[in-house]
Amino acid sequence: MDAMAAIKQTFFQECEEQLAELEAGLLAIQDGGHDAETVNAVFRAVHSIKGGAGAFSLDDLVHFAHVFETALDHVRAGKLAPSHEVLNTMLRAADALADLVRAARDGGAVDAQRCEALANALRALDPEAASDDQGAGDDDGLDEAAFQPVPIDESMFDDPPMQAEPRLNLFTIRFKPKAALYAKANETAVLIRELARLGETTIVCDASGLPLLSELDPEGAYLAWIIELLTTQDEAAVREVFEFVEWDCDLDIEGDAASAAPDAVDVAVLIEKMQAAVEAELSALTPPQAPQAGLADVGVDADQAVIDLAKARQQKMTQGAGEPTTQKSEQAAAGGLPQATIRVDLDRVDRLINLVGELVINQAMLAQRVLEAGLARASGVATGLDELEQLTREIQDSVMAIRAQPVKSVFQRMPRLVREVGAMTGKLARLVTEGENTEVDKTVIERLADPLTHMIRNAIDHGLEKPETRAAAGKPEEGLVHLSAAHRSGRIVIEVSDDGAGIDRARVKMLAASKGLIPADASLSDDEIDNLIFLPGFSTASTVSDISGRGVGMDVVRRSIQALGGRISIASRPGQGSTFTMSLPLTLAVLDGMVVTVAGQTLVVPLTAIVETLQPKIADVHGFGGGTRVIAIRDQFTPLIDVGRELAYRAENADALSCVALLVEAEGGVRSALLVDAILGQRQVVIKSLEANYRHVPGIAAATILGDGRVALILDVDAVVASSRMDAAFEQLLATAG
Amino acid sequence: MTEITRTDLASARELIAFRIGAQEFCVDIMSVREIRGWTPATALPQSPGFVRGVVNLRGAVLPIIDLAARLGFAPAEPTARHVIIVAQIDNRVVGLLVDAVSDILTVTDDLVQATPDVASEMAKTFVRGVLAIERRMISLIALDHVLPAPERDAA
Amino acid sequence: MNKTVLTVDDSRTMRDMLMLALSDAGYRVVQAEDGVHGLEVLSGETPDVIVTDINMPRMDGFGFIEGVRSDDRHRTVPILVLTTESDAEKKDRARRAGATGWIVKPFDPVKLVAAIRRVAA
Chain A
1 MDAMAAIKQT FFQECEEQLA ELEAGLLAIQ DGGHDAETVN AVFRAVHSIK
51 GGAGAFSLDD LVHFAHVFET ALDHVRAGKL APSHEVLNTM LRAADALADL
101 VRAARDGGAV DAQRCEALAN ALRALDPEAA SDDQGAGDDD GLDEAAFQPV
151 PIDESMFDDP PMQAEPRLNL FTIRFKPKAA LYAKANETAV LIRELARLGE
201 TTIVCDASGL PLLSELDPEG AYLAWIIELL TTQDEAAVRE VFEFVEWDCD
251 LDIEGDAASA APDAVDVAVL IEKMQAAVEA ELSALTPPQA PQAGLADVGV
301 DADQAVIDLA KARQQKMTQG AGEPTTQKSE QAAAGGLPQA TIRVDLDRVD
351 RLINLVGELV INQAMLAQRV LEAGLARASG VATGLDELEQ LTREIQDSVM
401 AIRAQPVKSV FQRMPRLVRE VGAMTGKLAR LVTEGENTEV DKTVIERLAD
451 PLTHMIRNAI DHGLEKPETR AAAGKPEEGL VHLSAAHRSG RIVIEVSDDG
501 AGIDRARVKM LAASKGLIPA DASLSDDEID NLIFLPGFST ASTVSDISGR
551 GVGMDVVRRS IQALGGRISI ASRPGQGSTF TMSLPLTLAV LDGMVVTVAG
601 QTLVVPLTAI VETLQPKIAD VHGFGGGTRV IAIRDQFTPL IDVGRELAYR
651 AENADALSCV ALLVEAEGGV RSALLVDAIL GQRQVVIKSL EANYRHVPGI
701 AAATILGDGR VALILDVDAV VASSRMDAAF EQLLATAG
Chain B
739 MTEITRTDLA SARELIAFRI GAQEFCVDIM SVREIRGWTP ATALPQSPGF
789 VRGVVNLRGA VLPIIDLAAR LGFAPAEPTA RHVIIVAQID NRVVGLLVDA
839 VSDILTVTDD LVQATPDVAS EMAKTFVRGV LAIERRMISL IALDHVLPAP
889 ERDAA
Chain C
894 MNKTVLTVDD SRTMRDMLML ALSDAGYRVV QAEDGVHGLE VLSGETPDVI
944 VTDINMPRMD GFGFIEGVRS DDRHRTVPIL VLTTESDAEK KDRARRAGAT
994 GWIVKPFDPV KLVAAIRRVA A
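Residue numbers (this note's numbering), protein chains in the order written: chain A, 1 to 738; chain B, 739 to 893; chain C, 894 to 1014.
The set of hints was computed from the structure by calculation and includes no laboratory data. Take the hints with a grain of salt, since some may be wrong.
List of simulated lysine to any residue pairs, SDA-like, C-alpha gap at most 20 Å [stated by the list, open to error]:
hint: 1; chain 1: C; residue 1: 1004; chain 2: A; residue 2: 180
hint: 2; chain 1: C; residue 1: 896; chain 2: A; residue 2: 193
hint: 3; chain 1: A; residue 1: 79; chain 2: C; residue 2: 970
hint: 4; chain 1: A; residue 1: 178; chain 2: C; residue 2: 968
hint: 5; chain 1: C; residue 1: 983; chain 2: A; residue 2: 70
hint: 6; chain 1: A; residue 1: 466; chain 2: A; residue 2: 579
hint: 7; chain 1: C; residue 1: 984; chain 2: A; residue 2: 180
hint: 8; chain 1: A; residue 1: 617; chain 2: A; residue 2: 677
hint: 9; chain 1: A; residue 1: 178; chain 2: C; residue 2: 896
hint: 10; chain 1: A; residue 1: 509; chain 2: A; residue 2: 573
hint: 11; chain 1: A; residue 1: 178; chain 2: C; residue 2: 970
hint: 12; chain 1: C; residue 1: 983; chain 2: A; residue 2: 247
hint: 13; chain 1: C; residue 1: 983; chain 2: A; residue 2: 240
hint: 14; chain 1: C; residue 1: 1004; chain 2: A; residue 2: 4
hint: 15; chain 1: C; residue 1: 896; chain 2: C; residue 2: 982
hint: 16; chain 1: C; residue 1: 983; chain 2: A; residue 2: 31
hint: 17; chain 1: A; residue 1: 178; chain 2: A; residue 2: 211
hint: 18; chain 1: C; residue 1: 1004; chain 2: A; residue 2: 190
hint: 19; chain 1: C; residue 1: 983; chain 2: A; residue 2: 4
hint: 20; chain 1: C; residue 1: 1004; chain 2: A; residue 2: 535
hint: 21; chain 1: C; residue 1: 1004; chain 2: A; residue 2: 76
hint: 22; chain 1: C; residue 1: 984; chain 2: A; residue 2: 196
hint: 23; chain 1: C; residue 1: 983; chain 2: A; residue 2: 73
hint: 24; chain 1: C; residue 1: 984; chain 2: A; residue 2: 73
hint: 25; chain 1: C; residue 1: 896; chain 2: A; residue 2: 190
hint: 26; chain 1: C; residue 1: 1004; chain 2: A; residue 2: 240
hint: 27; chain 1: A; residue 1: 79; chain 2: C; residue 2: 951
hint: 28; chain 1: C; residue 1: 1004; chain 2: A; residue 2: 196
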């Protein structure tokens, strides 16, 4: 059953796609897009799920999908107007359907009561339901029965056969096809062949209706057949053979049970009896008018008694117009080719990306060796290498693009989240998304879902006010949550903003002080207060404690974003709302970096963090107590961080004047100056994980392999800045305690 | 290749023996991926003393553990004559810095003696038995604890 | 020589199941995703039987059947429709559009093959 297991997996994958289409379609209709195609697409989505579910006997799912489909059919047929309320019911039904699908897939349980309530709500939408309200339960039963494939079996009404041994039945079948039967591509020969599989047959063709050949329409129906069938099957089985052609022929089946047990029947005698009966019938018919010659032309074989009309029709067509059917191909062209896509195993893509990464490293190493070998820049080798570098970058960009996906897949889970959180907190909230087609590497996307979910929950739970409060403040009762994604200077920027009350700074400060996170009398800027929510241990209690998660606070969100190599910051205006801005690298695999030396070690600093580089001058560098220093940059005093000391490569401060300072911007927009020995250059590097074979190293984000084959560490700018601050505060504490 | 008389081929296993200072040790060959010469490693800030740094192993970043230091001896002064045993520990690949590889042994379980009961941290943590081969004592060590524990996430 | 069946259905799951049931029964299977695609495939194939769904995007089953029947080359190809109900009205509409027969979903592979046998020469 392995193949079926694979198909079942495909089914659940397809269900997810259908569910996404369903929600998107319902939302579009709610927003005013009533066009027929959207309605059809929505219907088809549920229809498809139902069909597949039936094949795998997922009864609960089938039951619900059927009720849903019926309601959608009413909309499709124009019998039910898609009002805002109707659509709300349907959106909730879509959520329930999604739950049923996932329960079927993962083996979980669903809230049966909720589903039944929604099913009833859907049934209540039936425009004809008004007349039989009471019969809701009965109708239900009928509904399902109506769609279950119950073939009507006439033998159902017969007495069940009493004998243990199969009875032999003798059927006389008179079959006269009408032209329509052939028009639908049914073939008498095929039907008779199938009949013959049920038992012994004697077939006689009545060609009495045949006209002269000159008058013969190959698409006409002139023949009739009389078939005697000796079979152990019952009449229902016989009728089934003719199931498709019932309306397009004259069909008469007379059954006559053969007597006694099979072995007692003398089959030869029976067949003789059959033939006699047939001949009697034949002689009762009008003898054929057509001359023998005519019959022979059409290929009548008296013994065979079956005329191959199919051949005759073919002949007519090949004789007839041989015009090429350009019409059909035009039709096909007008339909347009669907965009060609192929499905690829993610493993293969990952392997490809790793290989390309190796290619980049090797190309860099080669370039280095060439340089060391002293080949002049103008020589053919150097130009060749430049071209190689160009090509390698292009390959890398193309390969990265393979794994790039629109954030849509993450964004589309949010509308449902907003509905649920809104319901649970008693707030009215609407989600507006922008930039869902912004593309990001698959590895980043997968890890975006959790942080985004928490941020949106927070926005509704903490950010938005209750409808009454909003109304009192002159705001619309329905709060707005805005989710957007865009590319900005080589990174992807995602914003979650709300038009709620903004951060209550007094409360935040008080809470932080009460938890000992800040000294009680600390004086902090508005910005600094806002950033307090990112401190671990901060999470404020929410109105409904289980939705914002057990103790999941913004610090966890920040850490997730940082683990992705990103930054998060907040901007808030009291009474107007808050905006969280996340900036993430486009891909986790490569980085544009500045290669520097620090205490004899080679490090790489991510270019995106660097604002500018400068040469410290004696007048600008000032001591600040406890070995810390600041540097004046355009009259702004900025902390000067000695990277060599920070990473414990050396114990003493470096001589700032012989070093280079990198002005960097960490998350939150805070600026610091990193002191390094020298800048070696800029290059794009492939990121190699340290955690894979070792573990996280403080202050270090990852590693890379330089052109000379040696490992260089990539600096975690935010971590270094943060730790330098802690040190400074600690040292200050020591100084004051001293 | 030194072969010990084996009573039952099926229960025999192969061990790689190596030297650190004056002592000999061995590990199960199943965990060894390759043997390489020493190349200078890139230092890792704020790491335990026995972690010498990382090197490039065909595109992967390989941490180098100074096994002498790890086992409690004086840290090694690596030269081109030193050897790195590339070993797999769980799903990590690491390099073990040793003086030299001395032998490949095929032994059966009955030849492994219990670890002598001495007051040695190293013995307790790493040694799983000793072998007597041609009047040499070779300590069988287990690699599970060679790597430093994962860093607890500081708030 | 194996008979060829063209299956037309917008559901990947259904296509996979049809492929499984039909190839197990010894048929060669060619597939399409909707009516438009089906007609495109027909420009290069001459199947012995066509099995098609009704509800599909771009061109539904009825449109597809009419398209097939209006092409001389495929006028006599038997077409079976997949329907989720033994709804007389749907069957009637399919027949009027030119369908040869029908198979009820979820389909029993045995019944599917029996239905094909009844129409395929």
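Results for each hint:
1. The hinted pair formed by residue 1004 of chain C and residue 180 of chain A fails the criterion: a straight-line CA distance of about 24 Å is larger than 20 Å.
2. For the proposed pair residue 896 of chain C and residue 193 of chain A, the alpha carbon gap of about 16 Å is at most 20 Å, so the pair holds.
3. Of the pairs offered as hints, the one joining residue 79 of chain A and residue 970 of chain C is violated, with about 37 Å between alpha carbons and a cut-off of 20 Å exceeded.
4. Only pairs whose Cα atoms come within 20 Å are accepted, and residue 178 of chain A paired with residue 968 of chain C is accepted, the gap being roughly 17 Å.
5. Using a Cα cut-off of 20 Å, the hinted pair residue 983 of chain C and residue 70 of chain A holds, with the two alpha carbons roughly 15 Å apart.
6. Under the criterion of a C-alpha separation no larger than 20 Å, the hint pairing residue 466 of chain A with residue 579 of chain A is consistent with the structure, at around 19 Å.
7. The hinted pair formed by residue 984 of chain C and residue 180 of chain A meets the criterion: a straight-line CA distance of about 15 Å does not exceed 20 Å.
8. Between residue 617 of chain A and residue 677 of chain A, the direct Cα distance comes to roughly 15 Å. Compliance with the 20 Å bound is thereby established for this hinted pair.
9. Under the criterion of a C-alpha separation no larger than 20 Å, the hint pairing residue 178 of chain A with residue 896 of chain C is inconsistent with the structure, at around 27 Å.
10. A C-alpha spacing of about 16 Å is found between residue 509 of chain A and residue 573 of chain A, which places the hinted pair at or below 20 Å, so the restraint holds.
11. Restraint check for residue 178 of chain A and residue 970 of chain C: the C-alpha separation of about 18 Å stays at or below 20 Å, so the hint holds.
12. With a CA separation close to 15 Å, the supplied pair residue 983 of chain C and residue 247 of chain A stays within the 20 Å bound.
13. Distance hint between residue 983 of chain C and residue 240 of chain A is fulfilled; the C-alpha atoms sit about 19 Å from each other, no more than 20 Å.
14. Simply put, residue 1004 of chain C and residue 4 of chain A have alpha-carbon atoms about 18 Å apart, close enough for the 20 Å limit, and the pair holds.
15. For a cut-off of 20 Å, the pair hint linking residue 896 of chain C to residue 982 of chain C is broken: about 31 Å separates their Cα positions.
16. Among the hinted pairs, residue 983 of chain C with residue 31 of chain A is inconsistent with the structure: their alpha-carbon atoms are about 32 Å apart, more than 20 Å.
17. Between residue 178 of chain A and residue 211 of chain A the CA atoms are separated by roughly 15 Å; this keeps the pair inside 20 Å, and the hint holds.
18. About 16 Å separates the Cα atoms of residue 1004 of chain C and residue 190 of chain A, which keeps this hinted pair within 20 Å; it holds.
19. With a C-alpha separation of about 29 Å, the suggested pairing of residue 983 of chain C with residue 4 of chain A is violated against the 20 Å cut-off.
20. A C-alpha spacing of about 65 Å is found between residue 1004 of chain C and residue 535 of chain A, which places the hinted pair above 20 Å, so the restraint is violated.
21. Restraint check for residue 1004 of chain C and residue 76 of chain A: not satisfied, since their Cα atoms lie roughly 31 Å apart, outside the 20 Å limit.
22. For the suggested pair residue 984 of chain C and residue 196 of chain A, the alpha carbons sit about 27 Å apart, so the restraint of at most 20 Å is broken.
23. Only pairs whose Cα atoms come within 20 Å are accepted, and residue 983 of chain C paired with residue 73 of chain A is accepted, the gap being roughly 14 Å.
24. Using a Cα cut-off of 20 Å, the hinted pair residue 984 of chain C and residue 73 of chain A holds, with the two alpha carbons roughly 17 Å apart.
25. Using a Cα cut-off of 20 Å, the hinted pair residue 896 of chain C and residue 190 of chain A holds, with the two alpha carbons roughly 14 Å apart.
26. Restraint check for residue 1004 of chain C and residue 240 of chain A: satisfied, since their Cα atoms lie roughly 11 Å apart, inside the 20 Å limit.
27. Annotation: proposed proximity of residue 79 of chain A to residue 951 of chain C is violated, straight-line Cα distance about 23 Å (limit 20 Å).
28. Using a Cα cut-off of 20 Å, the hinted pair residue 1004 of chain C and residue 196 of chain A holds, with the two alpha carbons roughly 18 Å apart.
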